[in-house]
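A.B. asks: Using the sequences and the accompanying hints, generate a full structural model.
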Amino acid sequence: MSKIVQITDQNFEEEVLRSDIPTEVDFWAPWCGPCRMVIPIYEKLSEEYEGRFKFCMINVDENQQMATKYQIMSIPMQKYFANGENVDEILGAVPEDTIRTMVESILSRFPADEAGRLKVLLTSWVEHNKEHSEKFSKWVDKASNPEVNQIYSSVLRAAQEMGKANERLSQALTELDGENK
Amino acid sequence: MNKEYQVVIIGGGPAGLSAGLYTSRARLSTLLIERGLVGGLITETELVENYPGFPEGISGLELGQLMHQQATKYGLEILLAEITGLELKQGQKIIKTTEGNFTAKAVIIASGSERLKLGVPGEKEFAGKGVSYCATCDAAFFRELPVAVAGGGDVGITEALHLAKFASKVTVIELLPKLGASRILQERAAAEPKIEFRLNTRIEEIEGEEVVKGLRLRRVTTGEKYTLDVAALFVSIGIKPNTAYLKGVLPLDAAGAVITNDKMETEVPGTFAAGDVRHNSAQQAITAAGDGATAAIYAEKFISE
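Protein chains in written order, with the numbering used here: chain A, 1 to 181; chain B, 1 to 305.
Hints should not be assumed to be uniformly reliable.
What the hints assert, rightly or not - The calculated DSS-like cross-link candidates involving lysine-lysine, where the alpha carbons are at most 27 Å apart (straight line), are:
1) A:K44 <-> B:K169
2) A:K69 <-> B:K129
3) B:K213 <-> B:K117
4) B:K225 <-> B:K169
5) A:K44 <-> B:K73
6) A:K69 <-> B:K124
7) B:K213 <-> B:K129
As the list claims (entries may be wrong) - Between beta-carbon pairs, the in silico distance windows are:
8) A:L176 <-> B:D253: 47 to 57 Å
9) A:V120 <-> B:V220: 48 to 58 Å
10) A:E50 <-> B:E187: 32 to 42 Å
11) B:E210 <-> A:P95: 26 to 36 Å
12) A:T101 <-> B:E125: 17 to 27 Å
13) B:E210 <-> A:N11: 23 to 33 Å
14) B:E267 <-> A:D97: 25 to 35 Å
15) A:P95 <-> B:A255: 20 to 30 Å
Said to hold, decoys possible - Just some of the chain B residues that point at chain A, by a computed CB distance under 10 Å:
16) E44
17) S59
18) S132
19) Y133
Keep in mind that the hints were calculated from the coordinates and are not lab data.
Every residue gets a Cβ at the ideal spot worked out from N, C-alpha and C, and that includes glycine.
C.D. replies: Here's what the structure looks like:
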């Protein structure tokens, strides 16, 4: 049995934006052949991911407010929502694998449990620090202005401390991974 | 354990469904594997007027559904899955899919075609924001707005006629000096005041801000460049065979189509191809159906020999 939720202009906010699990909305119309093409795939996934991921359909012909709000100009358009925000989309009829990859990616980017969310936060924090410290080292290599050089020695010390902090963050992330297994 | 069939058909358009109709009526156990919508590319055509038996014309979607209904009436099984691998050696053929593996004595390739892209700047960027490949799907989003169609073949002109019901103006842009569409479609388009033609014209770029605003065009005869304001461009410049999964498996022509003889048989015995996927296909629903029937009849002969 398909678990696809039929959405209208009226219940869009309730069902999609206030959904406590990630949600997909398929903007479609009955006259659109390719739209019908993806429905069986979503029907199948809606059963498989029940309780973890919500799959919805909205008929753009009958619900023009939402079609206008999300600037739908081509269907099938499948928009993905997490925490009330439109976070990704798939345009057109695509194979099941592409949809599955998207669903898995949304689930890992927007986990439901606390440990999962902490993991996402720590990962992006560590990556952010790493990226900035690399940028800074590159800048140091090229810097020639003597005045700026004086300042950078103190920044360099801070950067080293930051490096150590980042190691500890990475370690926490590894520990978190270990606990999850 | 691989599930065994006598015939496996890849693709559920007019070619695959006709082949399935024939093999299942021949009492051959047949599995048809389709990755998306049973019915094929024809389901995107609003009104099919050149398929015999429907004097008033029939919607492509309905034609696809009727073919589906008729094909499954005699025991044809249909599976929604993607092909992940093919082993077409003589004897037992192995078909690997996302829904498990199958074996067959004969394989009929009928995976059809998809629309060609223009390959100009802006096409990718504005996909779904004014660039469309399906007028029946998207025409309604451009009510009272000027739009353009790239390509003056049968599909391009059919789409222009459909768009004229919604748009304020439809400009058909054709690179060649004349339209490729059949005469009857050209006459209808000429009688529709909303449709205009730009022949010998190349689309160089699709421009816009967030959504499509216009096209940069060049008249190839004079080199003159100018801009046309449109809210959408519908691309119908032709189709290409869906054969990416056949590279290195079967001999393909320069366009990627499968080479067959007049029995629809490929170089590998027991492996047939039918419809748009075949070299020199006329790319019509009716010729695809004919190819499918031919392939099925020779597949049956191959199995019984």
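A.B. asks: Each of the hints needs a verdict: does it hold here or not?
C.D. replies: Evaluation of the provided hints:
no., hint, result
1, A:K44 <-> B:K169, "violated, 41 Å"
2, A:K69 <-> B:K129, "holds, 13 Å"
3, B:K213 <-> B:K117, "holds, 19 Å"
4, B:K225 <-> B:K169, "holds, 21 Å"
5, A:K44 <-> B:K73, "holds, 24 Å"
6, A:K69 <-> B:K124, "holds, 22 Å"
7, B:K213 <-> B:K129, "holds, 10 Å"
8, A:L176 <-> B:D253: 47 to 57 Å, "holds, 55 Å"
9, A:V120 <-> B:V220: 48 to 58 Å, "holds, 53 Å"
10, A:E50 <-> B:E187: 32 to 42 Å, "violated, 54 Å"
11, B:E210 <-> A:P95: 26 to 36 Å, "holds, 28 Å"
12, A:T101 <-> B:E125: 17 to 27 Å, "holds, 22 Å"
13, B:E210 <-> A:N11: 23 to 33 Å, "holds, 28 Å"
14, B:E267 <-> A:D97: 25 to 35 Å, "holds, 29 Å"
15, A:P95 <-> B:A255: 20 to 30 Å, "holds, 22 Å"
16, E44, "holds, 5 Å"
17, S59, "holds, 9 Å"
18, S132, "holds, 5 Å"
19, Y133, "holds, 8 Å"
Comparing the model with each numbered hint stated earlier shows that hints 1 and 10 do not hold.
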